[in-house]
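Enquirer: One letter stands for each residue in the lines below.
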Amino acid sequence: MLKPRVDPCIFLHGDVEDWVALLGDDFIRELVRRFRHVAVDMDQVARYILENPGAAGIGLRGLEVGGPYRREWRLFVESGYVHPGARAVWPYVPNDERLDVRLQVSPCFLLASLSRDVRYVWRNRAASLFKWVSAVPRHKPLEVFREAFPLWLRELGRSRGYVWVAWTKWRDRRNRHLAEWLYWLDTGRMPHVDAIRRRANAVYETAGCTKKSAAENLYVSS
Amino acid sequence: MASVLREVETWLGEGWRMRWEMPQRGVYLLKEVYMAEPSEASSYCRGRDSFVVVYIVASLEGGLDVVYGRVKPGVLGCPAATFTRRFSRAETKAAVRTLIDFATKVDKVPLFQINPDVIRFAGLCDEYPLICEDPAVVINRLSADAPKVRRQVEIQVKPETSAKSSLWLVEELARILRDKLELDGGFAEVLKRVIEDPDRLRECVSRHGRGYV
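Protein sequence lines correspond, in order, to chains A and B. Sequential numbering of the first sequence, starting at 1, is according to our numbering. Sequential numbering of the second sequence, starting at 1, is according to our numbering.
Warning: the hint list may mix true and false statements.
[To be verified] Computed cross-link-like contacts, DSBU-like style, restricted to lysine-lysine with a CA-CA straight-line distance of at most 30 Å: (1) K131(A) <-> K105(B); (2) K93(B) <-> K31(B); (3) K108(B) <-> K31(B); (4) K31(B) <-> K105(B); (5) K31(B) <-> K131(A); (6) K140(A) <-> K31(B); (7) K140(A) <-> K3(A); (8) K93(B) <-> K105(B); (9) K131(A) <-> K169(A).
FYI, nobody ran anything at the bench for these hints, they're computed from the structure.
Just chain A, same shape as in the assembly:
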């Protein structure tokens, strides 16, 4: 039985070395075997899945997966479903700012096969997305979203930091999902996978950009 040390979101993470390190050699061999009609080696398989995330769930049907993420894998392998919740954990920053962007779905949800229920979740929980795209893209989603996202939002992630974005609010909810989207769009990597690989600095480095409202009162420039 295969025991990957990461959840299925790895299929949206654009770093093949991380795939190999976290999925394990046996999983990689099985992946190449199952996609050999479209790819000959791991690099090609990774590129094919990154460009067509909907194909991953179909290709892995019938696979037996255990390990710490077995529940996510079983759901993904048997029904092509991935939970829409945010995965990354962001250090707390007091923040009462509000962003009028309704994006309460993780980019990982792109791996879920588009059934009627999944479409409803996209429309309902990620309503803002459909101001920028007409439908959920099934081919090269990273490129499509990089073009579609408004520049002011992308800039917000870079200038104020992903952590700051994660603790802003949409109504009474935090924008943790949105922070994942901005990180993914900027780097092509999933923040929680980087955290598993102990690249915490890469994930949280923009936390330094975050302004603390209380600090502004203390340090008034003369």
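Since the structure of chain A is already known, use the hints to place chain B on it.
Expert: Chain B in isolation, oriented as in the chain A frame:
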């Protein structure tokens, strides 16, 4: 019933085995929205002995079954016949192509009812761009290719090939309209206009249809 099954068997050819059962589980070739509910099918076949629901299953090694059938899995009050054949992973393209051919040629299913994720997984998007791409992208590509292809047509290809491809596109359009009509009565208006002025549609089709020669 027997004649239908014999026809299916003949069309599929060697290597397929038939069983009186529903497919176990798998990925369906058609989009969920275009498959009938089992209760609908059951009410349709009640009192008719000749009615049988046919499933075609391409069973790929490693546990992936690609299933073509027009009724969703569930409790079905009709006889269900499942034709199955095992394929190796290297034959994935051929297996999925067989199911698409059966769906489009025997059952006359319009291409857009096919689940694009299955076609993407099989790597058949180049062969079936209408399934994978957004309609706007297909039309843009056709109009971009049109002048180049037209030149090639003038030099090499016989005119009957061009006519054949236009005919294919007209047939596809007719299928789409028929299907839309079933889902939404408002499309009757579209159909009426096409019937009133078929030349307009023909012009449009011949302008875009050459991209497929």
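Enquirer: Each of the hints needs a verdict: does it hold here or not?
Expert: Here is how each hint holds up against the structure:
1. With a C-alpha separation of about 39 Å, the suggested pair K131(A) and K105(B) falls outside the 30 Å cut-off, and the hint is violated.
2. With a C-alpha separation of about 19 Å, the suggested pair K93(B) and K31(B) falls inside the 30 Å cut-off, and the hint holds.
3. Only pairs whose Cα atoms come within 30 Å are accepted, and K108(B) paired with K31(B) is accepted, the gap being roughly 15 Å.
4. A hinted pair counts as satisfied when its Cα atoms are at most 30 Å apart, and K31(B) with K105(B) qualifies at roughly 18 Å.
5. At roughly 25 Å between alpha-carbon atoms, K31(B) and K131(A) fall within 30 Å of each other, so this suggested pair holds.
6. Between K140(A) and K31(B), the direct Cα distance comes to roughly 21 Å. Compliance with the 30 Å bound is thereby established for this hinted pair.
7. Between the alpha carbons of K140(A) and K3(A) the distance comes to roughly 28 Å, so the proposed pair stays at or under 30 Å and holds.
8. Under the criterion of a C-alpha separation no larger than 30 Å, the hint pairing K93(B) with K105(B) is consistent with the structure, at around 18 Å.
9. Annotation: proposed proximity of K131(A) to K169(A) holds, straight-line Cα distance about 19 Å (limit 30 Å).
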